[in-house]
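Q: Residue numbers (this note's numbering), protein chains in the order written: chain Z, 1 to 349; chain C, 1001 to 1283; chain W, 2001 to 2353.
No lab work stands behind these hints, which were simulated from the structure alone.
Just to be clear, a hint being listed does not mean it is correct.
[As the list claims (entries may be wrong)] Here are a few chain Z residues that face chain C, going by a calculated C-beta distance under 7 angstroms:
{"#": "1", "residue": "Leu-68"}
{"#": "2", "residue": "Leu-69"}
{"#": "3", "residue": "Ile-100"}
{"#": "4", "residue": "Gly-112"}
{"#": "5", "residue": "His-159"}
{"#": "6", "residue": "Ser-162"}
[To be verified] Taking lysine-lysine and the DSS-like style, the derived pairs with C-alpha atoms no more than 25 angstroms apart in a straight line are:
{"#": "7", "chain 1": "Z", "residue 1": "Lys-127", "chain 2": "C", "residue 2": "Lys-1188"}
{"#": "8", "chain 1": "C", "residue 1": "Lys-1005", "chain 2": "C", "residue 2": "Lys-1274"}
{"#": "9", "chain 1": "Z", "residue 1": "Lys-127", "chain 2": "C", "residue 2": "Lys-1176"}
Owing to the predicted nature of the structure, the values given are computational and were not obtained by experimental measurement.
All residues carry an ideal CB built from backbone N, CA and C; glycine is no exception.
If you want the building blocks of each chain, they are given just below.
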Amino acid sequence: MTAAETTPATDPAPLLQVDGLSHRYPTSTAPLPALNGVDLDVAQDSVTAIVGESGCGKTTLGRMITGLLKPSDGRILYQGQDIWKLGRADWNQYRRAVQIVQQDPYASLNPGLSIRETLRPGLLHHKIVPRREVHGEILRLLELVGLDADEAFLRRFPHQLSGGQRQRLAVARAVSLRPQLVVADEPTSMLDVSIRVAVLDLLLSLREEQGLAYVFISHDFGVVRYIARGGRIIVMFFGEVVEDGPAEEVIKHPRHPYSYLLLESIPIPDPRTARRRRREIATDAVDDRAEQPPAEEGCIFANRCPFVEDACRQARPPMAEVSPGHRAACLFPERVPQLAEAIPEIAGV
Amino acid sequence: MEFLKDFWRILRADKTALVGGIIVLIYTLVAIFGHLFAHVSDLPAGGQAYLKPSGQHLLGTDFLGNDTLSELVIGTRPVMIVGVVSAVIVIFVGVVVGLFSGYVGGFVDGLIMRITDIFLTIPGLPLIIVIASIIHTTNPLVLAIILSVTAWAGLARAVRAQALSLRTSDFIDAAKVQNLPIGNLIGKQLLPNVGPFVAINFLLAVTGAIYAQVGLFVLGVAPVSGTNWGIMINLAMNQGALYTSKSMLYLFAPMGAIVLLQVALVYFSRALDKLFNPRLRVQ
Amino acid sequence: MTSTHQMMALHADTAGGSNSNARQQAPAILEVDDLSVNFGPLRAVDGVSLTVREGDIYALAGESGCGKSTLAYSLLGMVPPPGVVSTGQITFRGRNLTRMDRRKLDQLRGAEISMVFQAAMNAFNPVITIGTQVEHVLQAHPDSFPTAREGREYFEYLLRLVRLDPDVVWNGYESRLSGGMKQRVAIALGLLLRPSVLVLDEPTTALDILNQRLVIDILNDLHETLGVTIIFITHDLALVAELANRVAVMYAGRLVETGTIDEIFYDDRRHPYVSALIRAVPSVTADTELIKPIPGRVPSLAELPPGCRFAPRCALATDICQSVDPPLLLDAAEHGVACHVVNAGLSEKGLLK
């Protein structure tokens, strides 16, 4: 299945199901948990982007999907089974199927290991190829991610590589186990601007070749839009999912006030647009409501929402469908303005 | 191969370390091959005691008429064996305990550290003296074990601290996500990162063990038989070296040998730090 | 190739953007003349010349290792050791900063040229209140306000300009404030002594979308209200587009282009790196088919290619590009580009040097 065909006529079983996931860090004194009842299905061979600001829980969610953190409540189902109840062999299998690419290329590689030693252990442990073929497989992986596939390069250490090269190596490590899902947590935010898209293109081409699914965590809508074409965007706010829908839909027609607020605030790399918008925004969209804490009762966004009503404070709005495949946790999604009014350019793309 | 080439380059760049390394190498060769060139006997060779240095006896003679230099040469091997074996034990125990405890964390870590603390607070040298005087042994291995009994604790603590700080790194997370077994995580992922630290501590452990064992011999706590530097000092003192200037050379020669080796080890350790840290080793 | 005449017409068109006639009137406040900063044999800043005029919001843009931070720190006489200024000079209102003695520089810093550092939110002392820290600053510059009370009042005025509640901030500890709030406090602090120039190092890099938007709006407001000249360093082209009226783009230590914001984004005559960089940014409004990364990577300062430093990655590179480092050539509107290919044939049409 290629990236283009993302909604097959028959819906195969999802690769991963996140069911009512909640988490409160043991030492947390905050009134709200880090994650609160997150439901999410990750389909095979799909891209699911998780967007939100820092503290929204997207990193916590990513760590749970990769099995690094056990939730205080809720389950993650892989092939129908709760991953935290898997036996050793099945857990090993899960840990081959789900891999990670991390944000900081300067911290995600072991500085004491050469490139060869970075890629070897995983290949050997999971017996991806017979032992004698490991060397050849390593060279193949390097070529796959656009790095020099030669002996001299294998002996290098991470500190001799640039940020972009390190990230490519991290990607090689992730796909070396031939996973089904790769969780990428802000993989380009620490890279130079001119090469970010190169790494994104690499991820996209690997996806096409190997039918990978991605859970792509980011705070940058521009990057998300690029990688999640044909995929889904999930918007999170203080541990809760507030909007979930097809990527293009969510960006062009956000149906939750928070998503709208985010999209409308993005700095645009076009001076004419920026100037025009500066004159148009008479009263700033971000006023002191921006610093208000999330509401503990009723809609979590109520304290900051410019369209808030009394009804919003009664109970947490459920995720309701606003259009096919597109849901938002808002009682009055029709109040959310058209983004194209603020940024006409968005309608054209 | 690459390792050795890097090693040579590092040594050439740091002359002090190079000098230290050469001296250590000389001592090692003497320890291994010295017996082929030097001879010592227990029998007095009358009239030859405490001769001044000469062409035949570069460092003079001892109270029995034996050539001091020969005694030094013969005495090198037992000293170094005990020193190296003790250091190996200290490093092995300290690193394994430290890495394991730091990586695992939690209750197990707490328990191990409490035990380590006990060993850390017991005064090392007095304990060694007591043990050595109870267990009269000439077996260098047993002696080495006795010398290591508390020395590993400090290293374990320090290595544990390293492991604790590395344990939350992204690359350890990545290794966990690959489900690499704990042996790999500790041995392959964490160990290279404490490498420089361990290498230097190895040399320091050797110096510590040498001082400790020489001390034991000088104090007469360890059995006085055979030839080594500690025994030489012990005998020198017992034979009145403190009261006559004729035996000064016999007294100071082993001391000089010890000090020279220790200084050489310390200088040499400068290169080890660079050698085991990929960032400094590789250009 | 557009003619100079057409370029002048282009500039007059931009309402809100700088009108070149109006620009010519604003006096130069900071002039950098052939500045080079060396770290041993490595030249982090290589022969940079530019002019910042009063009232500018000037962007120093570029990717990692291009020298923008080193350049900005030199403007305050704060080149981190072992860096040294090896050639050229910096003039502030006619005074030579590079030759100034330490004490005068110290007085100048903060009071006339002020800086907000990257991740300034981390620079607050956690064990004393924000108010106390502000008082320390006021005490260090006793001439800035007649009384401590007036200094505090002005600071509270600034806090309101950056949309913070003065009471919450003054008596609070830094742990009470979010990262975005602390960044704004740092900006207020930077303006406390009423400097003529405020330099900001990556003011939005560590911030979320909403906080970024807030800082952008605030900086624009501050510029209008206080008339302060702003210089900011960034790798974020969106930030440049939203804030700057004038831009200098650096690459591997060299200045490759200077011009107005519209020239940088829309002009036909642009440095290939600049046009490629703009094309490489995946934004929500860009056409995804046209987004292209720049192949290769930034050369390390220790291994610079001969000739133009961008040549190995440039689609337009010709023979001369591989051997001769192109000079920055200005046209009549002071739009400077350092590229052989782009500048070829324009000298007849009236290029200034």
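Q: A separate judgement is required for each hint: does it hold in the structure or not?
A: Right, here's what the structure says about each hint:
1. Leu-68: With a closest approach of 6 angstroms, the Leu-68 (chain Z) hint holds.
2. Leu-69: Violated, because the Cβ-Cβ distance from Leu-69 (chain Z) to chain C comes to roughly 10 angstroms (cut-off 7 angstroms).
3. Ile-100: 5 angstroms, holds
4. Gly-112: 3 angstroms, holds
5. His-159: 5 angstroms, holds
6. Ser-162: 15 angstroms, violated
7. Z:Lys-127 x C:Lys-1188: 18 angstroms, holds
8. C:Lys-1005 x C:Lys-1274: 13 angstroms, holds
9. Z:Lys-127 x C:Lys-1176: With a Cα-Cα distance of about 16 angstroms, the restraint between Lys-127 (chain Z) and Lys-1176 (chain C) holds, given a limit of 25 angstroms.
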